[in-house]
Amino acid sequence: MSDADTTLAQAPASGPSAESLRERIPYQAGLLGVVTLLATGLLVLADALTRGPIAERRAEDLAASLAQVIPASLHDNDLTADALTVTDAEGAPVVIYRAVRDRTVTGVAYQVRGNGYSGAIDVILGVDPAGRILGARVLAHAETPGLGDKIEAAKDDWILAFDGLSLGDPPAERWVVKKDGGDFDQFSGATITPRAVVGAIKGGLALFADHRDALIAPPVRNIDH
Amino acid sequence: MSDAAATDTPKPREGTPWARIARDGLWDNNVVLAQLLALCPLLAVTGTATNGLGMGLASTAVLVVSNSVVSLLRPVMSPQVRIPVYIVVIATLVTLVDLFLNAYVHQLHKVLGLFIALIVVNCAILGRAESFASKSPLPAAAFDGLLSGLGFTAVLVVLGGVREIIGSGTLFAGASQLLGPAFGFLEITLIPDYRGFLIAILPPGGFLALGFLLAGKRILDRRAAHRRAIAQARAAAPA
Chain A
1 MSDADTTLAQ APASGPSAES LRERIPYQAG LLGVVTLLAT GLLVLADALT
51 RGPIAERRAE DLAASLAQVI PASLHDNDLT ADALTVTDAE GAPVVIYRAV
101 RDRTVTGVAY QVRGNGYSGA IDVILGVDPA GRILGARVLA HAETPGLGDK
151 IEAAKDDWIL AFDGLSLGDP PAERWVVKKD GGDFDQFSGA TITPRAVVGA
201 IKGGLALFAD HRDALIAPPV RNIDH
Chain B
1 MSDAAATDTP KPREGTPWAR IARDGLWDNN VVLAQLLALC PLLAVTGTAT
51 NGLGMGLAST AVLVVSNSVV SLLRPVMSPQ VRIPVYIVVI ATLVTLVDLF
101 LNAYVHQLHK VLGLFIALIV VNCAILGRAE SFASKSPLPA AAFDGLLSGL
151 GFTAVLVVLG GVREIIGSGT LFAGASQLLG PAFGFLEITL IPDYRGFLIA
201 ILPPGGFLAL GFLLAGKRIL DRRAAHRRAI AQARAAAPA
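One line per chain: the protein sequences are A and B, in this order.
Residues in the first sequence are numbered consecutively from 1, following the numbering used here.
Residues in the second sequence are numbered consecutively from 1, following the numbering used here.
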């Protein structure tokens, strides 16, 4: 493609005057400016067109991931409607989605994050008012295919073993993988990944314990209908 | 159009200009197989044939439109600012593709989202703008964009297919998410209970498979040249 640079200079010429105009800096700046302006206009338009659909897709994603850890029978509300924000141990905000049936909180769901072998592992965790796990699912990760990806429910039922567990069951010191003296299986060839997930879930349960009273208080609705 | 097709092959041109453009885009001057461009997105997304197809189609769309726009800008283009202008045009198009994929093909966007932005720095697109579209009328530029894009897509699909079959024993897994439920028939499990051959899916597998593809193209080209030489020799020396 090296021949390109040499031949482009002979690109279309509509006369000597046009040629000299194009050599001038103001023309070049103006050309670049106009192109950028048009591009900006186009992007503004596209953003306006797609903003609604993208927000809908995001909401669908959220609803789908919440539905994985909160059974539909547990709530009669829109899970995203009664959300609270609490601060975790490191001071980061965590959005807690609450399942409500007959004005009682029947469960909460929120996202926790662990540091895996190759980056963050996002886990969504559902917890009932007693602090027992309703379900845990990995939402996003970049672990090694075939080794670390057994944390996905689609690949292996390892993650289902967390159902029903709580901070006291098993006892806190056994909330680690077997290699570290705990109760949870690691995978052959991958210890860091399950270790990160177990740690993240344990941290999530601790978060629930810290904020339990605020989280399971019946949600107050301003408008009673 | 002139010498714009920038063939790296010493062969004399044959056929009409349109056939020439098609042949260059698909085979002789293929973005990957001949120019060895766009390897970063190529190796990154070809874990499955479906991902390759999605990335290829997105790149093709950008190529067609960017080639067309660059060709239309010829009358006002100034050589000194052409590269920034091309970059603005390409970046805008990629952002548009990103937005519309996110809004309307959300499943695919989840898989490719990270790599869509990389289309901006896909040198193949700037390369076609600079070496072909900037010197060609609109129809030829658009056609070149389409065929170069299809050539790129074909390599992505073949590479993704090879890696997917060897690595996971399936073909076109997840195609119904990309193309709609009607294309579910494409999803084939070739080897049931396959335990997977990890390296094919990992980055080294991408390099290995690409190496075999490149070698395969050269063998085919050499055989074709050999056959041509024999035919010419026969024609030159009547029996």
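The set of hints was computed from the structure by calculation and includes no laboratory data.
It is possible that part of the hints are untrue.
If you want the ones that stay clear, here's a sample from chain A, every Cβ over 12 Å from chain B, calculated [to be verified]: (1) Thr-36; (2) Leu-43; (3) Arg-51; (4) Thr-80; (5) Thr-85; (6) Ala-89; (7) Gly-131; (8) Arg-132; (9) Leu-147; (10) Glu-173; (11) Asp-180; (12) Gly-181; (13) His-211.
Straight-line distance between alpha carbons at most 25 Å, and here's what the computed SDA-like set of lysine to any residue pairs gives [claimed, not checked]: (14) B:Lys-217 <-> B:Ala-237; (15) B:Lys-110 <-> A:Gln-111; (16) A:Lys-155 <-> A:His-211; (17) B:Lys-110 <-> A:Val-95; (18) A:Lys-202 <-> A:Gly-168; (19) A:Lys-155 <-> B:Gly-113; (20) A:Lys-155 <-> A:Asp-185; (21) A:Lys-155 <-> B:Gly-174; (22) A:Lys-155 <-> B:Lys-217; (23) B:Lys-110 <-> A:Glu-56.
Glycine included, every Cβ here is placed at the ideal spot set by N, Cα and C.
Status of the hints after comparison with the structure:
1. Non-interface status of A:Thr-36 relative to chain B is broken: a Cβ of that chain comes within 12 Å, the nearest being about 5 Å off.
2. The Cβ of A:Leu-43 does not lie farther than 12 Å from every Cβ of chain B; its closest approach is about 6 Å, which violates its non-interface assignment.
3. Interface exclusion of A:Arg-51 from chain B breaks down, the closest Cβ pair being 8 Å apart, not more than 12 Å.
4. No Cβ of chain B approaches the Cβ of A:Thr-80 within 12 Å, the least distance being about 18 Å, so the stated non-interface status holds.
5. Distance to chain B confirms A:Thr-85 as a non-interface residue, since its nearest Cβ pair spans about 25 Å, more than 12 Å.
6. Separation of A:Ala-89 from chain B is adequate, the least Cβ-Cβ distance of about 30 Å exceeding the 12 Å criterion.
7. Annotated as non-interface, A:Gly-131 keeps its C-beta farther than 12 Å from every C-beta of chain B; the closest such distance is 32 Å.
8. Distance check on A:Arg-132: its Cβ is at least 31 Å (rounded) from any Cβ of chain B, clearing the 12 Å threshold; non-interface status holds.
9. At roughly 7 Å, the least C-beta separation between A:Leu-147 and chain B is not larger than 12 Å, which violates its mark as non-interface.
10. Listed as outside the interface, A:Glu-173 is consistent with that label: its C-beta sits roughly 34 Å from the nearest C-beta of chain B, beyond the 12 Å cut-off.
11. Interface exclusion of A:Asp-180 from chain B stands, the closest Cβ pair being 25 Å apart, more than 12 Å.
12. Every CB of chain B lies more than 12 Å from the CB of A:Gly-181, the least distance being 29 Å, so the non-interface label holds.
13. Every beta carbon of chain B lies more than 12 Å from that of A:His-211, the smallest distance being close to 31 Å; the non-interface claim holds.
14. Under the criterion of a C-alpha separation no larger than 25 Å, the hint pairing B:Lys-217 with B:Ala-237 is inconsistent with the structure, at around 30 Å.
15. Between the alpha carbons of B:Lys-110 and A:Gln-111 the distance comes to roughly 18 Å, so the proposed pair stays at or under 25 Å and holds.
16. Annotation: proposed proximity of A:Lys-155 to A:His-211 is violated, straight-line Cα distance about 33 Å (limit 25 Å).
17. For the suggested pair B:Lys-110 and A:Val-95, the alpha carbons sit about 22 Å apart, so the restraint of at most 25 Å is met.
18. Annotation: proposed proximity of A:Lys-202 to A:Gly-168 holds, straight-line Cα distance about 11 Å (limit 25 Å).
19. About 23 Å separates the Cα atoms of A:Lys-155 and B:Gly-113, which keeps this hinted pair within 25 Å; it holds.
20. Note on A:Lys-155 and A:Asp-185: the hinted pairing holds, with a Cα-Cα distance of about 15 Å set against a maximum of 25 Å.
21. Taking the CA atoms of A:Lys-155 and B:Gly-174, the gap is near 15 Å; set against the 25 Å cutoff, the hint holds.
22. For a cut-off of 25 Å, the pair hint linking A:Lys-155 to B:Lys-217 is broken: about 37 Å separates their Cα positions.
23. Taking the CA atoms of B:Lys-110 and A:Glu-56, the gap is near 14 Å; set against the 25 Å cutoff, the hint holds.
Checked against the numbered hints above, the structure breaks hints 1, 2, 3, 9, 14, 16 and 22 and satisfies the rest.
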